[in-house]
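2 protein chains.
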Amino acid sequence: MPKVSEAHRSERREQILDGARRVFSQHGYFGTNVAMLEAEIGLSRGAIFNYFAGKLDLFTAIAREDKNRFGQVWLDDGYDALVRLIGEDPEWIGVYLEIGRLLRTDPVLRERWSDLTEDIQERIVQRYVELQRTGEIRDDLSFETVLRFLGVVLDGLVVQQGAGFPIDVEGTLELVRSALSPK
Amino acid sequence: MPKVSEAHRSERREQILDGARRVFSQHGYFGTNVAMLEAEIGLSRGAIFNYFAGKLDLFTAIAREDKNRFGQVWLDDGYDALVRLIGEDPEWIGVYLEIGRLLRTDPVLRERWSDLTEDIQERIVQRYVELQRTGEIRDDLSFETVLRFLGVVLDGLVVQQGAGFPIDVEGTLELVRSALSPK
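Protein chains in written order, with the numbering used here: chain A, 1 to 183; chain W, 1 to 183.
Chain A with its partners taken away, still in its complex shape:
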């Protein structure tokens, strides 16, 4: 395939994901129809669904991209940076909120979702295993328990920020540090 065409495809794909993210974030998955996607993206349904098989595929691709970005910030800049990012109420929060409901009612999606980001998750796990090994965080609990707790706090922050209640970024971080500090 010629290079220019691939670059074009990749650009188009990003254009579709960005526009669709804005629509889903504002109207939710069920509140979004194809006409809204066309209007916001600026492409016809034919063009859009040339890149994604359907609405659920498009939504899953966005959720996957956002979750990967989320994990990448955690890896590159640390947990605190991720919490501060949530405090800025980024666009993807609306999509993130919606995925919870969809996962609840769609076991197939749930299966696919768990497998989405194995590589990044694995590297986050390694990070925390190492933090326990060097004594920077408590090691009397399993790394699964520690990571699940950190995930719970992130999800809770996303819900509150997403619902329009401003979150207490620094207070949360202080309490998380205190939860994880070695006994």
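FYI, nobody ran anything at the bench for these hints, they're computed from the structure.
In this text the structure is predicted, and so the values were computed from the model without any measurement.
Among the hints, erroneous ones may be present.
Chain copies aren't distinguished; within one or between two, either way the pair holds.
[To be verified] Calculated lysine to aspartate or glutamate pairs in the EDC-like style (CA-CA distance at most 20 Å, straight line):
#1 183 with 89
#2 183 with 57
#3 67 with 40
#4 55 with 106
#5 55 with 144
#6 55 with 88
#7 67 with 77
#8 183 with 136
#9 55 with 66
#10 67 with 89
#11 183 with 38
Model the placement of chain W on the given structure of chain A, informed by the hints.
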């Protein structure tokens, strides 16, 4: 109004709320239509909307009832009991997940929602002010920070449980205790 009629009204109201909760929890707010409500509740739309002005009113009444019950468990049995209750994946989790999305897109609902449960909230605040005063939890942070943190953890647990990822109840409680323990 004769007493029997009031008892009847109250019973009907509960019947409507219980049936509607099951429908909303499974299909979400936008996925629920009047025919589904009629079928699950076993009453006609005329009868249902004699008690509630519309779908949003009905949904808000359920969310309010659930939030009050949630707060009441916290007051009566403590935070740990509430976390354990979430671990049992109660019916209301689906509704709770949905309210976040609605609050995000509907400022009028958000206004109403904040005022829903002032009395219970006030008593929970008193509880934590007292726990700080007696030194049972750290008092170097404001009670607002402490309570928001506890709320974030609850919301995060609800999201994860609601999405079908089993939660680590005892590990979470241990980390929360450690976060709040006096320095």
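Q: Check residue 55 against residue 144 for me: Cα-Cα at most 20 Å, and say if that holds within a copy, between copies, both or neither.
A: neither (34 Å within a copy, 41 Å between copies)
Q: Could you figure out if residue 55 and residue 88 sit no more than 20 Å apart (CA to CA) within one copy, between two copies, both or neither?
A: neither (28 Å within a copy, 32 Å between copies)
Q) Taking 20 Å as the upper bound on the Cα-Cα distance, should residue 183 and residue 57 be classified as within, between, both, or neither? A) Cα proximity of residue 183 and residue 57: none, with 46 Å in one copy and 49 Å across.
Q. Quick one: residue 55 to residue 106, C-alpha cut-off 20 Å, is that within a copy, between copies, both, or neither?
A. within (14 Å within a copy, 24 Å between copies)
Q: Could you place residue 183 and residue 89 in one of the four classes (within, between, both, neither) given a Cα distance threshold of 20 Å?
A: The answer is neither: 34 Å in one copy and 32 Å across copies each exceed 20 Å.
Q. Should residue 67 paired with residue 77 be assigned to within, between, both, or neither, using CA atoms and 20 Å as the limit?
A. within (15 Å within a copy, 36 Å between copies)
Q | Homomeric proximity label, residue 67 with residue 89: Cα distance no greater than 20 Å | A | The answer is within: 15 Å in one copy meets 20 Å, while 24 Å across copies does not.
Q.
If the cut is 20 Å between Cα atoms, do residue 183 and residue 38 qualify within a copy, between copies, both or neither?
A. neither (55 Å within a copy, 56 Å between copies)
Q: First find the shortest C-alpha distance between residue 55 and residue 66 inside one copy, then the shortest across copies, and answer within, between, both or neither for a cut-off of 20 Å.
A: So residue 55 and residue 66 pass the 20 Å test inside one copy only (17 Å; across, 32 Å).
(Q) When Cα atoms must be at most 20 Å apart, do residue 183 and residue 136 count as within-copy, between-copy, both, or neither? (A) both (11 Å within a copy, 18 Å between copies)
Q: State whether the alpha carbon distance between residue 67 and residue 40 is at most 20 Å within one copy, between copies, both, or neither.
A: For residue 67 and residue 40, neither the intra-copy (22 Å) nor the inter-copy (36 Å) Cα distance is at most 20 Å.
In terms of the numbered hints stated before, the structure departs from hints 1, 2, 3, 5, 6, 11, listed from lowest to highest.
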